[in-house]
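Asker: Sequence:
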Amino acid sequence: MTEIKLRDEFIKLGQALKAANLVQDGVEAKFVIQDGLVTVNGEVDTRRGRKLYDGDVISYQGEEVKIVK
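Just so you know, we're using my numbering here: the sequence shown kicks off at -1 and counts up by one.
Derived by calculation from the structure, the hints in this document are not laboratory data. Certain hints may be false.
Under the rule of at most 30 Å between Cα atoms (straight-line distance), these lysine-lysine pairs were calculated in the DSSO-like manner [unchecked claim]:
no., residue 1, residue 2
1, Lys28, Lys10
2, Lys64, Lys3
3, Lys3, Lys67
Label-pair ranges, simulated between beta-carbon atoms [said to hold, decoys possible]:
no., residue 1, residue 2, range
4, Asp6, Val55, 15 to 21 Å
5, Val42, Met(-1), 16 to 22 Å
6, Val25, Gly53, 27 to 33 Å
7, Gly34, Lys67, 27 to 33 Å
8, Lys49, Thr0, 15 to 21 Å
9, Arg5, Gly34, 27 to 33 Å
10, Glu7, Gly60, 26 to 32 Å
11, Phe29, Lys67, 28 to 34 Å
12, Asp33, Glu7, 26 to 32 Å
13, Leu4, Asp43, 16 to 22 Å
14, Arg45, Leu4, 16 to 22 Å
As the structure is a computational prediction, the values presented were derived from the model and not from experiment. The C-beta atom is built at its ideal place from N, Cα and C for all residues, glycine as well.
Work out the full structure, taking the sequences as your base and the hints as a guide.
Answerer: Here it is, written out as structure tokens:
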């Protein structure tokens, strides 16, 4: 499981996908999120601007990323 260290209080879902190198750019992030291919804490979330906090886990194409402080 990959970890992303927070610089601020939160990171947005689209930014987290890019930071974890799961997508190439914001456009790709937008489409995979809108298509329901990304889960946050086990549930599909279609909001690119979803705020992720310490302890949240995102999953895309079998890769899991944990958000840590």
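Asker: Taking the earlier hints as the rules, which of them does this structure contradict?
Answerer: none
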